[in-house]
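This is what each chain is made of:
2 protein chains.
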Amino acid sequence: MDNLAKKLEEFKEYNRKIEYLNSASSVLYWDMRVGIPSKGVAYRGEVLAFLSGETYKLQTSSTMEEYIKYFEGKNLDTINTSMVQRAKKNYNLTKKIPEKRYIEYVELTSNSEIAWQEAKEKSDFSIFKPYLEKIVDFNREFINYWGYEVNKYDTLLDFYEPGITVEKLDKVFTELRSAIVVLLEKIKKSSVSPRTDYFNENFSKVSQESFSKYILEKMGFDFEKGRLDESVHPFTIEFSNKDVRITTNYHEDDFRSALFGTIHEGGHAIYEQAIDDNLKGTLLGSGASMGIHESQSRFYENIIGRSKEFWTYFYIEAQKRFPQFKGVTLEEFYKGINHVEPSLVRIEADELTYSLHIIIRYEIEKALINGEIEVTDLPRIWGEKYKEYLGVEPKNDSEGVLQDTHWAGGSFGYFPSYALGNLYGAQFLNKMLKDIPDSFERIANGDLKFLQAWLKDNIHNYGAVYKPSEIIKKVTGEELTAKYFIEYLNKKYSEIYNI
Amino acid sequence: MDNLAKKLEEFKEYNRKIEYLNSASSVLYWDMRVGIPSKGVAYRGEVLAFLSGETYKLQTSSTMEEYIKYFEGKNLDTINTSMVQRAKKNYNLTKKIPEKRYIEYVELTSNSEIAWQEAKEKSDFSIFKPYLEKIVDFNREFINYWGYEVNKYDTLLDFYEPGITVEKLDKVFTELRSAIVVLLEKIKKSSVSPRTDYFNENFSKVSQESFSKYILEKMGFDFEKGRLDESVHPFTIEFSNKDVRITTNYHEDDFRSALFGTIHEGGHAIYEQAIDDNLKGTLLGSGASMGIHESQSRFYENIIGRSKEFWTYFYIEAQKRFPQFKGVTLEEFYKGINHVEPSLVRIEADELTYSLHIIIRYEIEKALINGEIEVTDLPRIWGEKYKEYLGVEPKNDSEGVLQDTHWAGGSFGYFPSYALGNLYGAQFLNKMLKDIPDSFERIANGDLKFLQAWLKDNIHNYGAVYKPSEIIKKVTGEELTAKYFIEYLNKKYSEIYNI
Numbered sequence: 317m318d319n320l321a322k323k324l325e326e327f328k329e330y331n332r333k334i335e336y337l338n339s340a341s342s343v344l345y346w347d348m349r350v351g352i353p354s355k356g357v358a359y360r361g362e363v364l365a366f367l368s369g370e371t372y373k374l375q376t377s378s379t380m381e382e383y384i385k386y387f388e389g390k391n392l393d394t395i396n397t398s399m400v401q402r403a404k405k406n407y408n409l410t411k412k413i414p415e416k417r418y419i420e421y422v423e424l425t426s427n428s429e430i431a432w433q434e435a436k437e438k439s440d441f442s443i444f445k446p447y448l449e450k451i452v453d454f455n456r457e458f459i460n461y462w463g464y465e466v467n468k469y470d471t472l473l474d475f476y477e478p479g480i481t482v483e484k485l486d487k488v489f490t491e492l493r494s495a496i497v498v499l500l501e502k503i504k505k506s507s508v509s510p511r512t513d514y515f516n517e518n519f520s521k522v523s524q525e526s527f528s529k530y531i532l533e534k535m536g537f538d539f540e541k542g543r544l545d546e547s548v549h550p551f552t553i554e555f556s557n558k559d560v561r562i563t564t565n566y567h568e569d570d571f572r573s574a575l576f577g578t579i580h581e582g583g584h585a586i587y588e589q590a591i592d593d594n595l596k597g598t599l600l601g602s603g604a605s606m607g608i609h610e611s612q613s614r615f616y617e618n619i620i621g622r623s624k625e626f627w628t629y630f631y632i633e634a635q636k637r638f639p640q641f642k643g644v645t646l647e648e649f650y651k652g653i654n655h656v657e658p659s660l661v662r663i664e665a666d667e668l669t670y671s672l673h674i675i676i677r678y679e680i681e682k683a684l685i686n687g688e689i690e691v692t693d694l695p696r697i698w699g700e701k702y703k704e705y706l707g708v709e710p711k712n713d714s715e716g717v718l719q720d721t722h723w724a725g726g727s728f729g730y731f732p733s734y735a736l737g738n739l740y741g742a743q744f745l746n747k748m749l750k751d752i753p754d755s756f757e758r759i760a761n762g763d764l765k766f767l768q769a770w771l772k773d774n775i776h777n778y779g780a781v782y783k784p785s786e787i788i789k790k791v792t793g794e795e796l797t798a799k800y801f802i803e804y805l806n807k808k809y810s811e812i813y814n815i
Numbered sequence: 317m318d319n320l321a322k323k324l325e326e327f328k329e330y331n332r333k334i335e336y337l338n339s340a341s342s343v344l345y346w347d348m349r350v351g352i353p354s355k356g357v358a359y360r361g362e363v364l365a366f367l368s369g370e371t372y373k374l375q376t377s378s379t380m381e382e383y384i385k386y387f388e389g390k391n392l393d394t395i396n397t398s399m400v401q402r403a404k405k406n407y408n409l410t411k412k413i414p415e416k417r418y419i420e421y422v423e424l425t426s427n428s429e430i431a432w433q434e435a436k437e438k439s440d441f442s443i444f445k446p447y448l449e450k451i452v453d454f455n456r457e458f459i460n461y462w463g464y465e466v467n468k469y470d471t472l473l474d475f476y477e478p479g480i481t482v483e484k485l486d487k488v489f490t491e492l493r494s495a496i497v498v499l500l501e502k503i504k505k506s507s508v509s510p511r512t513d514y515f516n517e518n519f520s521k522v523s524q525e526s527f528s529k530y531i532l533e534k535m536g537f538d539f540e541k542g543r544l545d546e547s548v549h550p551f552t553i554e555f556s557n558k559d560v561r562i563t564t565n566y567h568e569d570d571f572r573s574a575l576f577g578t579i580h581e582g583g584h585a586i587y588e589q590a591i592d593d594n595l596k597g598t599l600l601g602s603g604a605s606m607g608i609h610e611s612q613s614r615f616y617e618n619i620i621g622r623s624k625e626f627w628t629y630f631y632i633e634a635q636k637r638f639p640q641f642k643g644v645t646l647e648e649f650y651k652g653i654n655h656v657e658p659s660l661v662r663i664e665a666d667e668l669t670y671s672l673h674i675i676i677r678y679e680i681e682k683a684l685i686n687g688e689i690e691v692t693d694l695p696r697i698w699g700e701k702y703k704e705y706l707g708v709e710p711k712n713d714s715e716g717v718l719q720d721t722h723w724a725g726g727s728f729g730y731f732p733s734y735a736l737g738n739l740y741g742a743q744f745l746n747k748m749l750k751d752i753p754d755s756f757e758r759i760a761n762g763d764l765k766f767l768q769a770w771l772k773d774n775i776h777n778y779g780a781v782y783k784p785s786e787i788i789k790k791v792t793g794e795e796l797t798a799k800y801f802i803e804y805l806n807k808k809y810s811e812i813y814n815i
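Line by line, the protein sequences are chains A and B. According to the numbering used here, the first sequence is numbered sequentially starting from 317. According to the numbering used here, the second sequence is numbered sequentially starting from 317.
Derived from the structure by calculation, the hints contain no laboratory data. A hint or two may mislead.
Copies of the same chain look alike in the list, so a pair counts if it works inside one copy or between any two.
[Said to hold, decoys possible] Below 27 Å or equal to it, Euclidean Cα-Cα: the simulated DSS-like pairs (lysine-lysine) are:
(1) LYS333 / LYS373
(2) LYS765 / LYS355
(3) LYS412 / LYS333
(4) LYS711 / LYS529
(5) LYS504 / LYS521
(6) LYS789 / LYS450
(7) LYS355 / LYS328
(8) LYS807 / LYS450
(9) LYS416 / LYS373
(10) LYS404 / LYS790
(11) LYS323 / LYS373
(12) LYS373 / LYS322
(13) LYS596 / LYS373
Being a predicted model, the structure only gives us computed values, none of them experimental.
Put together the whole structure using the sequences plus the hints.
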């Protein structure tokens, strides 16, 4: 082994420690969200803060600095180049923040999520407000350490979607919003009004859980490499590519909520489970970006999971399991799950209006981070924007500003990924149909495995080796565009609403 | 704050890191036993090995050495003296083992437990054998590093019960064994033969779980500071004194198994939940020793949980919940749960013969560690001893040599603690009845809280500040003796069996 190869092995050994700490933190975090007894939370926050501190030390050590310097200018292959870039990015990002502040922030976000949970349960923003104020202050402070070029919010966007800026998002979101508004207007005038009443009969948790697991298995989720559990807000977390867990939240009075939530998280999990074993120690053994991740989850949830072909196969099983669907035709069911109705809660929004929920959050975050509005204004602004964009108004904080956990975890800049995921997903679909023209016929026969294989070969197994823009180009041959998603929406809803 | 006080604070800050790592490891370990997907196990082993390595570094660092040297000869209060002694003991124990070997051992035991689980399920000792051989070799190797005076096995005993030796155990166990044998002979000749058939009707898991939780609550187990889950082998683990978890294993065809298992683990958990908050950072924030811990679990399980007074109160509730007990009188039920019958499985053994199971394991471990027998001989020797001591013989490995998880975790020297727990427990009972003469009248009225309070004041809240011998002396005024336990057994079984 030559010197360079030896040094690369050493570096991977070093990186594995960071990965071990992240894996341990993830287990502690998962447990805190899924099963911790209430009085155990405070100490758990301390332990998580300690582990983050240890990660911080490894990411910013002089050893790390030496590795990065050593590899700069060296002739490395794709994976190793990407590994060094990732390490350098982490180094710069964390090195610029004083360690003490970093640890305080991790502890704060850990406690904030519990406060958010209580606030949401009691529908009282004031419980969460002091935490959120601190989190926003931290983010503003951190941006000063990191620096920014055009817009402060760009710095946060770059974490989740390298290369995405306010300028680009403003443009894409304007295009998307216009298209949705036109469609919504047409739908309002349509005489088609799908029945959805049968979704709100009583569906026992046990039967929903069983059906969710059945669908996950058909999707290719490997239960020997993962679990399905319950939590207030659904999420996916990986401890390694061989232990990827998802959670869902069962509503006995709505069949759709847990089902599509599970398919969504299942899309994330299938991604993580398929990442190549060889990426251990490279820091690249997880999804490429939040947007690419959301492209996978929303691809499964909507493009596949709300397609007529999907239910051509699965509705037979659903009818067997749920007598509530007796007398409801496949056509009615299909229209029911694609019923468009502006509503208050993002995760239960229909596929069409969903992006408007994202645009609201994007605008609020952008203004908050740039100091144009303050946390105390949020419930009011939230209400105003929902009224303006969607024509609905929250009755309380729980169904309004408190509905999402993201801000409690400090995730500013994350929300736009969901809408980007829609755009990427439609681009992937367009390419997949070129590669496998009979995709939807296969789906109608209950075959989802070919999908998983196509996604694995094209996207999943590479983990974070390629940047989002590289993946899009590599897979589809084109740059990011809203064109395919808008085409997809127009085609789908024209048919359903006969417009 | 003077220099000494300042140094003590610094030391506690340092120790807290060790405690954080232990807490994190415990969460990962609990999750591995309760819910990990099968393919996630190997990586989890790596993460646990990494965390153990970090603990090792902190316990054996030059910083630790300096702290220990600094405090030696200083005038410290009880808690701080005990803290420094504990740190010094850990330092010596781990410093003498090469770090690499230590990490390998932790990884081995982590994988061994999974192998043991598979071996037990398949009832095939050969699956577990190569792991156990390595574990025994490691222990023999480690004893060479640590050194020993009279008997190699003494070194391992000292981990779990400081001060206990083969010489002392041989003596106490001989005394105990004689007493049990005499009683067993009398019982054999007794015409009393309690019914137990009703315990083996079908008891649904759900109803057992609900009853277990009900009893735990009455015992004072705080569900805001803990959980009850399922695992193959029941255990208790603490992440802090505010997050103490127990597991049990439900057998639908035996009412007793999960119930008394839960009461047993509940006794451990109540101990950990009551440890003083101020012991954070002292390394003393857990039970004093395995023997003292077992005294608490077995006190609740047997002395209280199998007393007539306990069921005078709880049998009414049991009859309400379980129609299987219709027509079974309290007297019959009481005799049923105390039915003596030599059997194969330790954790399901009756209170009287239980100690014989321990003596068998003690003798095997002693011989194994001293190289007088080898792992390959275990199934044979196990069978021979069971035949000789208990008159029963295992049909397969699962109900024989594979029944306990202890060896898979590397816990040699642990088993004697169970029998010591019996002796300590009877000594505590004797003193409690002097302090609170109407204890059993209170229990018959459903009051268990006074028990918890007495144990907390006398034992629990001190954590590991005092050594086992100090606690026994401090609480009862006497040294360890088998006298009270033998008296207790004689009295109880004379009444039940009319002998």
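Cross-check of the supplied hints:
no., hint, result
1, LYS333 / LYS373, "both (11 Å within a copy, 14 Å between copies)"
2, LYS765 / LYS355, "between (44 Å within a copy, 20 Å between copies)"
3, LYS412 / LYS333, "both (21 Å within a copy, 25 Å between copies)"
4, LYS711 / LYS529, "neither (34 Å within a copy, 38 Å between copies)"
5, LYS504 / LYS521, "neither (34 Å within a copy, 52 Å between copies)"
6, LYS789 / LYS450, "neither (39 Å within a copy, 52 Å between copies)"
7, LYS355 / LYS328, "between (38 Å within a copy, 22 Å between copies)"
8, LYS807 / LYS450, "neither (45 Å within a copy, 65 Å between copies)"
9, LYS416 / LYS373, "both (11 Å within a copy, 23 Å between copies)"
10, LYS404 / LYS790, "within (24 Å within a copy, 59 Å between copies)"
11, LYS323 / LYS373, "both (20 Å within a copy, 24 Å between copies)"
12, LYS373 / LYS322, "both (23 Å within a copy, 25 Å between copies)"
13, LYS596 / LYS373, "both (20 Å within a copy, 24 Å between copies)"
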